[in-house]
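Each chain is listed here by its residues.
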Amino acid sequence: MNFLALAGVLLIPVLSAAVLATLRDYRLTARLNMLAALLTFMMALLLFFVEVTPGPYLLVDDLNKVFIVLTTFVGFTTSVFSASYIGHEIDIARLTPTSVRFYHAMYQMLMFAMNLTLIANNIGLMWVAIEIATLTTVLMVGIYRTHEALEAAWKYFILGSVGIALALFGTILVYMAARPVIGEGLDAMVWTELVQHAAKFDPALLNVAFVFLLLGYGTKVGLAPLHAWLPDAHAEGPTPISAVLSGLLLNVALYALLRFKMLLALNPAAIAPGPLMVTMGLISCIFAAFMLYRRRDIKRMFAYSSIEHMGIIVFAFGMGGALANFAGLLHMTMHSLTKSAIFFAVGHIAQVKGTQRIADVGGLTVTNPVLGWGLVLGVVAIAGLPPLGIFMSEFLVVSSTFARAPWLAIALAFGILIALGGLFLRLNTIAFGEPRGPTAPAEASFVPMFAHFAIVLMVGIYMPPVLVVGFQNVAKLLG
Amino acid sequence: MVLFVLACVLALLIVAALAVALGGRPRSGNFVYGASLIITLALCASALFSLISASTPSPVVLPLGLPWLGAHFRIDALAAFFLIVVNLGGAAASLFALGYGHHEESPLRVLPFYPAYLAGMNLVVVADDAFSFLVSWEFMSLTSWALVIAHHREHENLRAGYVYLLMASFGTLALLLAFGLLAGADGNYAFEAIRASRPTASIAALVLILVLLGAGSKAGVVPLHAWLPLAHPAAPSHVSALMSGVMTKVAVYGFVRIALDLIGPPVWWWSMLVLVIGGITAVMGVLYALMQHDLKRLLAYHTVENIGIIYIGLGLALAFKAYAMDFAAALALTAALLHVFNHSIFKSLLFFGAGAVLGATGERDMEHLGGLIHRMPQTAFVFLVGCVAISALPPLNGFVSEWLTFQAILLSPQLPAWGLKFLIPAVGALLALSAALAAACFVKAFGVSFLGRPRTPAAANAQETDIESRIAMFFLAALCLLAGILPGLFIDALAPVSTALIAASMPHQVGIEWLTIVPIAESRSSYNGLLVFFFVAASGWIAAFAIHRLASHQLRRAPAWDCGYPDARPETQYTASSFAQPIRRVYGMSLFRAREIGAMPPPGAMGPARLTVELRDLIWDYGYAPVASFVGFASERLNVLQFLTIRRYLTLVFALLVFLLLVLAIWP
Amino acid sequence: MALIRDLGFQAMQMLLVFLLAPLLTGLVRKMKARLLRRQGPPLLQPYRDLIRLLRKEVVLAENASWLFRVIPYIVFAGTWVAASLVPTFRGGLLFSWSADLIAIIALLGSARFFLALAGLDVGTSFGGIGSSREVMIATLAEPAMLMIVFTLALVAGSTQLTTIASYMLSSGVGLRVSLGLALIALIMVAIAENARIPIDNPATHLELTMVHEAMVLEYSGRHLALIDLSSELKLLLYISVIGCLFVPWGLAVPPASLQGIAIGIGAYVTKLALGGFLLAAFETSIAKMRVFRVPAFLGAALMLGLLATLLLFVSRSL
Amino acid sequence: MRGLSFDIAHMLAGSLVLVSFMQLYQDRLYALLNIFALHAAILAASVAWQALVQDAPHLYLTAVLALVFKAIIIPTALHRIIVRLGIHREIETVVGVGPTMLLGMGLVALSMVIMLRVTPQADPLAREDLAFALSVVLLGLLMMVTRRNAVSQVIGFMSLENGLVLAATGAKGMPLVVEISVAFSVLIAFIVIGIFLFRIRERFDTVDVQALDRFRGERR
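Chains as they are written, first to last, in numbering that gives the first Met the number 0: chain A, 0 to 478; chain B, 0 to 667; chain C, 0 to 317; chain D, 0 to 219.
It should be emphasised that the hints constitute simulated quantities derived from the structure, not laboratory data.
Among the hints, erroneous ones may be present.
[Claimed, not checked] Which chain A residues face chain B? A few, computed with CB under 8 Å, are given here: (1) 20; (2) 22; (3) 34; (4) 45; (5) 48; (6) 51; (7) 154; (8) 224; (9) 261; (10) 394; (11) 401; (12) 419; (13) 424; (14) 433; (15) 436.
[Claimed, not checked] Once the Cα atoms are required to be at most 20 Å apart in a straight line, the calculated SDA-like pairs of lysine to any residue come out as: (16) C:55 - B:185; (17) C:55 - B:557; (18) D:171 - A:476; (19) C:31 - C:200; (20) B:420 - C:200; (21) C:55 - B:25; (22) C:55 - B:622; (23) A:64 - A:87; (24) D:171 - A:183; (25) D:171 - A:180; (26) A:199 - A:183; (27) A:475 - B:67; (28) A:64 - A:358; (29) A:199 - A:372; (30) A:475 - B:185; (31) C:55 - B:545; (32) A:475 - B:569; (33) C:55 - B:560; (34) D:171 - A:477; (35) D:171 - A:184.
Every value quoted in this text rests on a predicted model; they were computed, and no experiment measured them.
In this text, a Cβ means the ideal position worked out from N, Cα and C, and glycines have one as well.
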């Protein structure tokens, strides 16, 4: 039974991708896409209740159990959103039916790649899965075939491939470090083996490996100097893809980075990964916060907000310690739920107002109240204001850091405050004031958006114990 | 008791949710305000009961909030007192809103957030661990931000909301850092644990400075006050009454809870910091108020002055506590808390009056009002009572708390610290100056807007407000008079609070005959509000009776004498800026760079001469504008990074890789 | 029995104050005329003016509100109560425990508050000039007065007038610099508060100079009588405060015999006459100041008061 | 035998680094393509030699794969693209050849220093191989950074991937899965690039990355 669940999580997306590639009518494929995503989510839920012995290729432990469920859930809600989104895009002829068939297939391939990354035990397999995820998203970002979309896709491809190449080199170095201790062949690539013997690896090799891995997977996480692809990919790609990119792909890349951080944490001779991650996290948080002020495109603004939040998360994991790690894990889940919900709202806004330029969108709470207040709730959540979940994680990170390293906490708080300023400066023009642009009511599904906000609000007030226990022992694991 | 309060808070949140559901229908306003009125009254009664019965505080832990900590709630004497203040203001505002609410043109933007705002404030006072304290603190700011931008069509309301939210978040982050310090690295955030672990002197000092930033910015202490006069007038009047009268008090609660309760024994130089800030806030606040001609902005700026007075009281309490002069500390703390209570009453009353005027005339600018006493006699009377109370004039409550603060100042020569010996007289002078300026400010506010002749048609045919508003205002006016006449009752009610915080309280007042209040000793000083009021009333009655019997009764109406050339045009009257002109010449030249530019028409031309007054807000120009321009400058410079070519991005990646490899190469 | 006796003394005090006030003003006017080698109005002229005004009819402005008609009574009541709380011939009055020096100043403050409102009520520019200047003067005079009260309270250890007076009588006070400064500040504040020459000219109706007169321009008949009486009472109050605090000799101690009371009244009357004479002499010897130099004058008073308080804060003996 | 096999592997890896240097030197597209073909050929030889030394038959497959695709098919395809786009005459280096070569030398020195810190008990072949692989990767990255033309950037990227294959084959006993996947991804990557080039060609009439940049999103 347990193997069935594991297989299901991988096979359903692959098979559905193949089936979707053949069908023509986009309404059917959209519904099939939703069905497949729902089934995968069911399988992922199964994983929660079943004990899976880690095989050479696949592994299910506390760390990825939560992320598998999160990824498949957000994948499902995004598919629900993309059904109505794609339907509308075809009505206004921004997408041709053929490319949509191609789109749904790629969507399922992306789901397969992300699930594979999460449950891969073999670091090589994990790298391949991320490579597939990058390639599929590159194709989907370029789906609109406009100049900006192509430029964004090309930039994403070049930077992504260079990042992936560096990550591969890092993986090879890890293998080289493991080979004298564990012996040749498959075992030297299996993560569970690596964790047991990490203390005996050659520290110098591990350091170089971690540098390459940090840069390789760091590019996929969107940390500051390596972030260039993220804003354009979000702005020019279709909104469901921005939601998946921001909500899931960044988390998956960071998950891979965390796997390797565990290795390094276990080897005392190697350099401590903490300070490296803290500096990169801080730089990207403050940098992205300042970039929010000059944005004129709504999706690009929220892309920078994702960079800022990834900076905070990497900062939290860099700080280490049970409290900060717990906060980092919580922040990852909350951020992916909130950011994808915001992108659902932004998608509908772009469709209703026919443009993504902030200057042309105004008085949303007057013309489409539900959408407007949904966006306000989203921005309130992403800015880290209470009742919602992100405040709890920011509270834990800032207060636990202040006791140990006051200046870092002050810098982080400064970054959060600047980001809040930028977000609300733009929200004032978008959601309030005199309505601008067309005022047709948006016929769209708000269910996924408000479902996400409900979960974030619930976790902000009362965290279910199963989530707490899961995060706590992972936090100890992360060191 | 705590569970009852939490149940009421939950009820308020449910009312808020219902308000969203049935927001559209016309009667929804009455439902929401009626429900919150009932709930706040219940809360106020239970808090009063728990304060008087001084029952032992029984903490309650709910499984919400931080998973391993849970949410702690506790009502001790301090919390009970502030619960009374919050819910009294809330009840009055809800009663006022029952009538005033009909003016609201977009009820759906006000109704859902109003009960949530009340719930947030109650939660802050009841919270007993850092996380739930900060969650309710920021939830309070969030709901009030939503209320401030209820009229989002005017751009300056949006700007006010934006500045407000930024300052609120700055305050919350400061408090967050303070709690981070108090809780330590392993994060025991419960107030019990914080009290148990005594922080070292340096940490305590840093926490105090952070709390001054955090709670101070929410209360509106001078350098951090800039958002208050923007945000408070922007909200609907009953909400601005709540914000000015009640939210600033919750901010004072936050400061008292941390500075006097959690940090532990104070160091003497802390009080110098608080006193200096209090003194400057008091004088600057009232000077700003004097320069305004928008009624609600004037009241908002004046809140800053009263917060200054409260902080002076708290500073004195800290100073006395540092030298273990417990009786003096109890006197100073009771003075400050009594002023908290008094201010929440008369500031709400004044904002209701301003709201009634706004509702009747649609005008907030005093230059467009005038002569309202004829059209709105009852509102005028009640507003007059509020003005007399806030100017700290004898029969009413404003004078009592100011008198107690003066008595506390007179006790301070025994403090050995040299710094305090020079600082306290100066702060005493500042307090006296701000009291006198307050009287000037409210002569202007009442005189220009209610007396004289109506300056615009809107003021000419204003109608008296509805009955609920008047009931609320008369209730608060009566409370002002009661607190002024029988201060002994209120001082004894505050005794458990000061015993909780300073382990000493003022001598028992009710026992003293003739209901006089004696702060320290009979010989030292005493004041009897009732007797003074009775004495003045009696002598006034005697004079009236004597004149009624002896003097003539004839009375003739005629055009105003005006030294022989009567000019009935309203323009000849004194306006708000002309009334403040002498004071502006005295104080305004240096503080606001006030300049009067007279534009005379060219000789022979028949155009009118124009006199414009130019005021500059130095704190905004040198405090807030540079920060905004820095952020703009930084974001402009960094924006270049968005428009590089792919090759340059690759260079970035390449440079980072080479740098990290170099670090590895040089690593020891 | 003691209660009735105290009530009797309190009533006597109120009556004495009520009667002597116009006499004092008449005395001052007489003295000034004499110094200017003029005949001057008879001593009892103020009484005749008051009676004349009481009989005349009241001419009210069209848009004067109910407040305009109530204010004279409030102002008179406030000033009269304040005057009757200051010990004149005998300390330890019954009601003196209900309000100390700060409360008395505040009572005068509320009287001034309502008077300023009266100025604004009719909506003439003169009322506005009077009120705005009066209020500006008050913003400096009141803090100076409070600083003087601080000085006295720090010296005598209490803000109760009777306690201060008895302390001043006792040997413990000695010659102190701070008390000297306080006396000068108190005199300056008294001149400003009573609208005497350097600040405001009580006799003139010249628009540019008048402050107090401008506020009461629109009053007539019985209302004007009350206003004049209360300003006379205020002058008497300030002189009796100076007398009681700085020249306390002759003040009867509470369990005083009849003979003590007589000495007290005699001393008090002589103090009033001396005060009136000094005021008249001072007024004739100085010209009126421009209105915008008044803040400098009162600022000096505030600084003196602050300096005095500072000295006392620094050391007990100064 | 031990010494000879090590020397030959060492010589092949060294020559790969040398060819990477030659690539940096070129500023004509045609010459660049030919050098890249040579680069791929040497890689194939090195992989084949590693297969012989480690007697791991699967490496032969990779060597053939590398030779056929990277040495023959890709250069010819790129050659035809260059002719169709008519961009063979442009000189598009960003930094002069001198400084680029100096920077290359620095990078190789850096990778040597880093790899020398690896403890000697790991067999020397792995250490040497890694040093060379790291230098090829860094040189490939340097080439991408100093070229404006999209095609030359792609070639830089390809030489970077060659470095990876060298490192992968250097690691004895690395399971086959990785090698195939490396090749697999290179192929996919190349196809995608091709599609893009054509699409880019179809849209912008030129392949100069500079032209692409004018269409950046959100005009400044």
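Hint check results:
{"no.": "1", "hint": "20", "verdict": "violated (30 Å)"}
{"no.": "2", "hint": "22", "verdict": "violated (36 Å)"}
{"no.": "3", "hint": "34", "verdict": "violated (34 Å)"}
{"no.": "4", "hint": "45", "verdict": "violated (25 Å)"}
{"no.": "5", "hint": "48", "verdict": "violated (21 Å)"}
{"no.": "6", "hint": "51", "verdict": "violated (26 Å)"}
{"no.": "7", "hint": "154", "verdict": "holds (5 Å)"}
{"no.": "8", "hint": "224", "verdict": "holds (5 Å)"}
{"no.": "9", "hint": "261", "verdict": "violated (20 Å)"}
{"no.": "10", "hint": "394", "verdict": "holds (6 Å)"}
{"no.": "11", "hint": "401", "verdict": "holds (4 Å)"}
{"no.": "12", "hint": "419", "verdict": "holds (5 Å)"}
{"no.": "13", "hint": "424", "verdict": "holds (6 Å)"}
{"no.": "14", "hint": "433", "verdict": "holds (6 Å)"}
{"no.": "15", "hint": "436", "verdict": "violated (16 Å)"}
{"no.": "16", "hint": "C:55 - B:185", "verdict": "violated (84 Å)"}
{"no.": "17", "hint": "C:55 - B:557", "verdict": "holds (15 Å)"}
{"no.": "18", "hint": "D:171 - A:476", "verdict": "violated (31 Å)"}
{"no.": "19", "hint": "C:31 - C:200", "verdict": "holds (13 Å)"}
{"no.": "20", "hint": "B:420 - C:200", "verdict": "violated (40 Å)"}
{"no.": "21", "hint": "C:55 - B:25", "verdict": "violated (58 Å)"}
{"no.": "22", "hint": "C:55 - B:622", "verdict": "violated (61 Å)"}
{"no.": "23", "hint": "A:64 - A:87", "verdict": "violated (35 Å)"}
{"no.": "24", "hint": "D:171 - A:183", "verdict": "holds (7 Å)"}
{"no.": "25", "hint": "D:171 - A:180", "verdict": "holds (13 Å)"}
{"no.": "26", "hint": "A:199 - A:183", "verdict": "holds (16 Å)"}
{"no.": "27", "hint": "A:475 - B:67", "verdict": "holds (15 Å)"}
{"no.": "28", "hint": "A:64 - A:358", "verdict": "violated (42 Å)"}
{"no.": "29", "hint": "A:199 - A:372", "verdict": "violated (55 Å)"}
{"no.": "30", "hint": "A:475 - B:185", "verdict": "holds (14 Å)"}
{"no.": "31", "hint": "C:55 - B:545", "verdict": "holds (16 Å)"}
{"no.": "32", "hint": "A:475 - B:569", "verdict": "violated (77 Å)"}
{"no.": "33", "hint": "C:55 - B:560", "verdict": "holds (16 Å)"}
{"no.": "34", "hint": "D:171 - A:477", "verdict": "violated (31 Å)"}
{"no.": "35", "hint": "D:171 - A:184", "verdict": "holds (8 Å)"}
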